[in-house]
Amino acid sequence: MAEIGLGAALAAIGAGVAIGFAGLGSGLGQGMAAAGSVGAVAEDNDMFARGIIFSALPETQAIYGFLVAILLLVFSGLLGGNATKLTLEAGIIAIGVGASIGFAGLGSGMGQGIGRRQ
Amino acid sequence: MFKTARMRKIRIVTLDKYVAPTVDALHESGLIQVSDISDSVQQDPELAELVTPAKATPYTGKLSSLLMKTNGISELLGNSLSEGHGLKDTLMSFISPDMPVQKEVEKLDTEAFIEKAEDTLAQVESKTSVIEGKLSALDTETSELKSNKSLANRLSNFDMDLALLKDSKYTSTTVGRINAESTSEIKNKLSNLTDELDVFTVPADDKEGDIIVVVTLNEFSDEVYSTLRKYDFEKIEIGDVEGTPQQVISNADARLLTIESERASIKAELKAVAEQWDDEILALKEQLENEKEKNEILSSFVQTKDAYVFEGWVPKKDTEKVEQLVEKSSDGHCAFETIEVEGTDDEDVPILQQNGWYSKPFEFLVDMYSPVRYNSMDPTIFVAITFPFFFGFCLTDAFYGLFVSLIGVVLLRGLGKTSDSMNAFGWILIWSGLWAVVLGLITNGCIGDFASRILHTQLPTVYGPVDAFKHPDTILKIAIGIGVVYTNIGFILGAINNFRYGNVKEAIGSQICWFIFEAGIILLALGYLIPSIGIIGMVLGGVLIVVTLGMLIWANGAYGVMDVFGFMGDVLSYARLLALCLATGGIAMTVNILAVMVDQMIPMVGIILAIIVFVFGHIANFLFQVLGAFINALRLNYVEFFSQFFMEGKGKFEAFKAKRTFTKIKN
Numbered sequence: 005m006a007e008i009g010l011g012a013a014l015a016a017i018g019a020g021v022a023i024g025f026a027g028l029g030s031g032l033g034q035g036m037a038a039a040g041s042v043g044a045v046a047e048d049n050d051m052f053a054r055g056i057i058f059s060a061l062p063e064t065q066a067i068y069g070f071l072v073a074i075l076l077l078v079f080s081g082l083l084g085g086n087a088t089k090l091t092l093e094a095g096i097i098a099i100g101v102g103a104s105i106g107f108a109g110l111g112s113g114m115g116q117g118i119g120r121r122q
Numbered sequence: 020m021f022k023t024a025r026m027r028k029i030r031i032v033t034l035d036k037y038v039a040p041t042v043d044a045l046h047e048s049g050l051i052q053v054s055d056i057s058d059s060v061q062q063d064p065e066l067a068e069l070v071t072p073a074k075a076t077p078y079t080g081k082l083s084s085l086l087m088k089t090n091g092i093s094e095l096l097g098n099s100l101s102e103g104h105g106l107k108d109t110l111m112s113f114i115s116p117d118m119p120v121q122k123e124v125e126k127l128d129t130e131a132f133i134e135k136a137e138d139t140l141a142q143v144e145s146k147t148s149v150i151e152g153k154l155s156a157l158d159t160e161t162s163e164l165k166s167n168k169s170l171a172n173r174l175s176n177f178d179m180d181l182a183l184l185k186d187s188k189y190t191s192t193t194v195g196r197i198n199a200e201s202t203s204e205i206k207n208k209l210s211n212l213t214d215e216l217d218v219f220t221v222p223a224d225d226k227e228g229d230i231i232v233v234v235t236l237n238e239f240s241d242e243v244y245s246t247l248r249k250y251d252f253e254k255i256e257i258g259d260v261e262g263t264p265q266q267v268i269s270n271a272d273a274r275l276l277t278i279e280s281e282r283a284s285i286k287a288e289l290k291a292v293a294e295q296w297d298d299e300i301l302a303l304k305e306q307l308e309n310e311k312e313k314n315e316i317l318s319s320f321v322q323t324k325d326a327y328v329f330e331g332w333v334p335k336k337d338t339e340k341v342e343q344l345v346e347k348s349s350d351g352h353c354a355f356e357t358i359e360v361e362g363t364d365d366e367d368v369p370i371l372q373q374n375g376w377y378s379k380p381f382e383f384l385v386d387m388y389s390p391v392r393y394n395s396m397d398p399t400i401f402v403a404i405t406f407p408f409f410f411g412f413c414l415t416d417a418f419y420g421l422f423v424s425l426i427g428v429v430l431l432r433g434l435g436k437t438s439d440s441m442n443a444f445g446w447i448l449i450w451s452g453l454w455a456v457v458l459g460l461i462t463n464g465c466i467g468d469f470a471s472r473i474l475h476t477q478l479p480t481v482y483g484p485v486d487a488f489k490h491p492d493t494i495l496k497i498a499i500g501i502g503v504v505y506t507n508i509g510f511i512l513g514a515i516n517n518f519r520y521g522n523v524k525e526a527i528g529s530q531i532c533w534f535i536f537e538a539g540i541i542l543l544a545l546g547y548l549i550p551s552i553g554i555i556g557m558v559l560g561g562v563l564i565v566v567t568l569g570m571l572i573w574a575n576g577a578y579g580v581m582d583v584f585g586f587m588g589d590v591l592s593y594a595r596l597l598a599l600c601l602a603t604g605g606i607a608m609t610v611n612i613l614a615v616m617v618d619q620m621i622p623m624v625g626i627i628l629a630i631i632v633f634v635f636g637h638i639a640n641f642l643f644q645v646l647g648a649f650i651n652a653l654r655l656n657y658v659e660f661f662s663q664f665f666m667e668g669k670g671k672f673e674a675f676k677a678k679r680t681f682t683k684i685k686n
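Top to bottom, those sequences are chains A and B.
Here the numbering used here is used: the first sequence runs in plain steps of one and ends on residue 122.
Here the numbering used here is used: the second sequence runs in plain steps of one and ends on residue 686.
Wrong hints could be hidden among the right ones.
[As the list claims (entries may be wrong)] Cross-link-like lysine to aspartate or glutamate pairs, in silico, DMTMM-like; alpha carbons within 25 angstroms at most:
#1 B:671 x A:7
#2 B:678 x A:7
#3 B:671 x A:47
#4 B:22 x A:50
#5 B:669 x A:50
#6 B:676 x A:7
#7 B:685 x B:123
#8 B:489 x A:7
#9 B:379 x A:50
#10 B:669 x A:48
#11 A:89 x B:492
#12 B:671 x A:50
#13 B:669 x A:47
Simulated from the structure, these hints should not be mistaken for lab results.
Start from the sequences, fold in the hints, and give me the full structure.
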């Protein structure tokens with residue numbers, strides 16, 4: 005198994021936090037929005053396109069989380085590079101970056117879901 | 020290509036006696052969308068003095084009732100023909116549906132047609148009503164037998180003729196269920212009422228209660244009943260049942276069996292009638308719908324003492340054809356007025372898209388969103404190019420893509436023959452699947468990593484720098500690049516739309532400013548990356564970004580600055596192309612790993628289990644990923660692209676047109 009440094013391991017946690025929490029926010033948001041959309045489409049078939057739009061909007065948070073996760077993996081050397089060189093400090097920063105997008109995605113995804121459900 | 024068909028409003032005046040042939044000719048041609056002018060005329064006092072709203076013909080009511088009757092018979096015959104269809108028949112109805120037979124029908128006036136329709140319905144009803152009567156009698160008998168059987172089951176512990184439990188001239192018999200614990204108390208209470216009664220009980224069928232039978236003189240029946248009701252008494256009604264419970268049950272079972280065989284033979288009789296009359300009834304139904312529509316359309320017209328006036332929308336290229344048709348059918352007794360669509364006053368103009376053979380099927384996707392506004396840009400060609408590409412990018416698996424295209428071909432050759440939307444969907448799947456094949460072959464996606472993991476070889480078609488799992492960063496750059504280009508196309512379309520409708524401020528604040536913003540970003544980046552451009556580029560870039568912010572505030576107010584995040588969000592959203600691309604390959608790879616593990620870890624039957632894991636795993640992945648690719652390809656167009664420019668129109672062009680699926684006019 006290829007060796008990785010502690011910094012890179014922390015960056016991997018950062019990537020996981022980014023995609024994990026942003027995905028959680030998107031999932032909850034999409035669930036709420038889709039529940040409203042399904043009801044609207046059941047009453048009026050013409051609402052199908054809008055239903056898709058409202059249901060799909062909170063998905064963007066997961067994409068942002070994914071984007072940041074990929075960037076963290078690439079810059080830390082975990083994807084296509086040397087994962088042993090990353091410093092401990094850089095790894096901690098990566099966790100901070102991942103946590104910020106993750107929690108922002110969690111909150112805004114849920115918020116969008118609640119808004120779209122109305 | 021970018022504009023929908025140019026339309027004209029046409030107003031037609033024709034004499035009273037020519038209105039029927041004129042309506043008939045227009046209905047068969049399907050060239051005009053008739054507008055209801057009866058209300059608008061009422062609001063114009065000058066016109067209201069000259070004309071009055073016309074009414075639907077007196078035949079409309081009769082036609083409606085005949086249509087209702089025909090619908091009922093058609094449903095009965097259709098159900099009879101489709102009864103007993105299994106999974107194979109259902110699949111075949113998708114793959115190779117029966118093509119409707121077009122029956123030649125004569126052109127008749129409404130009165131003669133009604134007479135003919137009544138005659139046809141009478142012939143069919145004479146056969147179906149007898150059969151329906153027999154089926155209904157069997158249904159009634161079945162339900163009666165089941166009810167008797169249920170009663171007999173409840174009284175199964177009685178070994179006596181149930182007919183004895185009926186009331187007689189002088190006695191009344193009350194039968195019901197009571198709680199077993201109350202039995203002795205009830206018997207005591209009843210014996211206190213009178214000596215003129217006989218009470219006996221047997222255990223109920225569920226053993227938790229007792230069935231009580233009280234025989235008394237008629238004069239005591241009410242008192243008996245009110246006494247029993249105090250003890251959670253559930254009365255059991257004894258109908259015309261005869262024989263012991265066991266006899267009732269066995270007789271009912273025997274009769275139910277014979278009823279089933281009788282029902283089968285009656286249904287065979289009905290099927291024979293359906294085979295003989297179904298085509299005729301479908302044709303009659305279509306004719307009735309057409310005739311009703313023609314007779315009802317008059318309520319959208321206005322009339323004078325001797326003439327009718329009506330108006331509608333016609334594609335500009337068909338105006339002459341409509342005029343010739345009306346001239347011919349009214350023997351020249353007509354007048355026209357054509358009204359052009361003035362400038363941007365186009366909110367009420369119906370939309371008729373006119374795209375080429377390739378993009379035509381994708382009108383279906385644009386319509387699902389909304390019809391475009393008359394003078395705005397029709398984005399169908401862009402959707403036709405990008406939707407299959409985005410779908411292919413999200414799926415990125417050659418084998419899955421091939422399967423999607425095959426489904427498209429099956430749809431096209433099956434249901435697509437009878438349904439326009441299925442035909443369009445078939446083409447959409449074919450193109451989308453082909454893109455998935457191409458992109459899958461280039462990015463090393465063919466049943467995941469099947470080639471390298473199981474066949475121990477490499478796909479010769481893979482282009483190394485875009486190998487999805489080795490260089491996701493390259494694919495991310497491509498995805499974002501596509502996002503930048505497509506979003507800019509949206510801005511161009513939006514700016515054109517806004518200039519067409521005179522919304523200059525909107526064009527500057529919502530579209531043009533982003534080109535300046537992008538130029539600023541490029542100069543900043545060049546200044547940072549290329550030392551010879553250096554600070555000059557960075558300053559110029561900074562100035563352009565500040566100018567953009569100024570434009571946003573000028574056009575949209577202070578909160579306009581927030582649009583910068585919206586712009587970035589729209590572009591970054593295209594990263595989903597990479598996300599879905601990796602998801603397909605990742606799950607497919609996991610299935611392959613599991614299959615290999617099962618094969619290596621389990622002796623003897625391992626290979627069979629591995630094949631099962633492989634097949635079902637990939638079927639599940641295929642279904643999820645195709646759905647995800649479809650939704651996300653649609654979303655990138657609906658949310659990120661359309662939001663830059665799309666202007667909604669009021670409605671599609673709905674031609675006043677006779678349906679001719681099951682009928683054709685005899686020449």
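(message) For a C-alpha distance cap of 25 angstroms, please report whether residue 379 of chain B and residue 50 of chain A respect it.
(response) 20 angstroms, holds
(request) Would you check the hint for residue 671 of chain B and residue 47 of chain A, treating anything up to 25 angstroms between C-alpha atoms as holding? (result) Given that 25 angstroms is the threshold and the Cα spacing comes to 21 angstroms, the pair holds.
(request) Starting from residue 22 of chain B, check that the Cα of residue 50 of chain A is at most 25 angstroms away, please. (result) The given pair, whose Cα atoms are some 23 angstroms apart, holds under the 25 angstroms limit.
(message) What's the verdict on residue 669 of chain B and residue 50 of chain A, does the C-alpha distance respect the 25 angstroms limit or exceed it?
(response) Holds, at roughly 13 angstroms.
(request) Take the C-alpha atoms of residue 671 of chain B and residue 50 of chain A, compute the straight-line distance between them, and say whether it is at most 25 angstroms. (result) Distance ~13 angstroms between residue 671 of chain B and residue 50 of chain A Cα, so the pair holds.
(message) residue 489 of chain B and residue 7 of chain A were given as a pair; does the straight-line alpha-carbon distance stay at or below 25 angstroms?
(response) Roughly 18 angstroms separates the two Cα atoms, so the pair holds.
(request) Verify the proposed pairing of residue 671 of chain B with residue 7 of chain A, using a straight-line Cα cut of 25 angstroms. (result) 63 angstroms, violated
(request) Measure nothing beyond the straight line between the CA atoms of residue 669 of chain B and residue 48 of chain A; if it is 25 angstroms or shorter, mark the hint as holding. (result) 17 angstroms, holds
(message) Just to be careful, I want the Cα atoms of residue 669 of chain B and residue 47 of chain A compared with a cutoff of 25 angstroms; is the pair within it?
(response) 20 angstroms, holds
(message) For a C-alpha distance cap of 25 angstroms, please report whether residue 676 of chain B and residue 7 of chain A respect it.
(response) Answer violated: residue 676 of chain B to residue 7 of chain A is near 73 angstroms, above 25 angstroms.
(request) Take the C-alpha atoms of residue 678 of chain B and residue 7 of chain A, compute the straight-line distance between them, and say whether it is at most 25 angstroms. (result) 72 angstroms, violated
(request) Below or equal to 25 angstroms on CA atoms is what counts here, so check residue 89 of chain A against residue 492 of chain B. (result) Satisfied, since the Cα-Cα distance of roughly 20 angstroms is no more than 25 angstroms.
The structure does not agree with the numbered hints 1, 2, 6 stated previously, though it agrees with the rest.
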